[in-house]
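Asks: Sequence:
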Amino acid sequence: MKTHYDPTARKGRLSLTINQNLLDRLEPYKHQVNFSAHAERLLARMLEELENRAWAERNAEALAVHGADISATGLAGTEFDRV
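Using our numbering, you'd call the opening residue of the sequence shown number 1 and step up by one each time.
To be clear, the hints were calculated from the coordinates, so they are not data collected in a lab. One or more hints might be untrue.
Claimed, not checked - Capping the alpha-carbon separation at 20 Å, the derived lysine to aspartate or glutamate pairs in DMTMM-like fashion look like this: (1) Lys-11 <-> Glu-40; (2) Lys-30 <-> Glu-40; (3) Lys-11 <-> Glu-48.
All figures in this text were calculated on a predicted structure; none of them were measured in a lab.
Working from the sequences, and respecting the hints, build out all of it.
Replies: Here it is in structure tokens:
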């Protein structure tokens with residue numbers, strides 16, 4: 001998976017409040033799982049989704065215009081479509 005952040009950057013601290021039942025159930029696995037690494041991957045995916053959504057919102061008008069242009073004129077190269 002390509003990362004969209006610097007995985008070699010200095011580590012920071014984050015305080016979380018987690019459901020106690022979930023923590024209790026995870027307790028037996030704490031030596032098998034790197035919770036920090038899993039949280040980092042989850043946060044990276046969340047960041048990517050948020051950035052993608054923000055990009056789509058910023059470009060919504062241009063995307064709508066482009067879609068309207070395609071609806072009006074068709075896709076370039078469709079004259080070569082042999083299917």
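Asks: Hint by hint, note whether the structure agrees.
Replies: Comparing the hints with the structure gives:
1. Lys-11 <-> Glu-40: The hint holds at about 10 Å.
2. Lys-30 <-> Glu-40: Distance ~16 Å between Lys-30 and Glu-40 Cα, so the pair holds.
3. Lys-11 <-> Glu-48: Holds, at roughly 19 Å.
Of the numbered hints stated above, none is contradicted by the structure.
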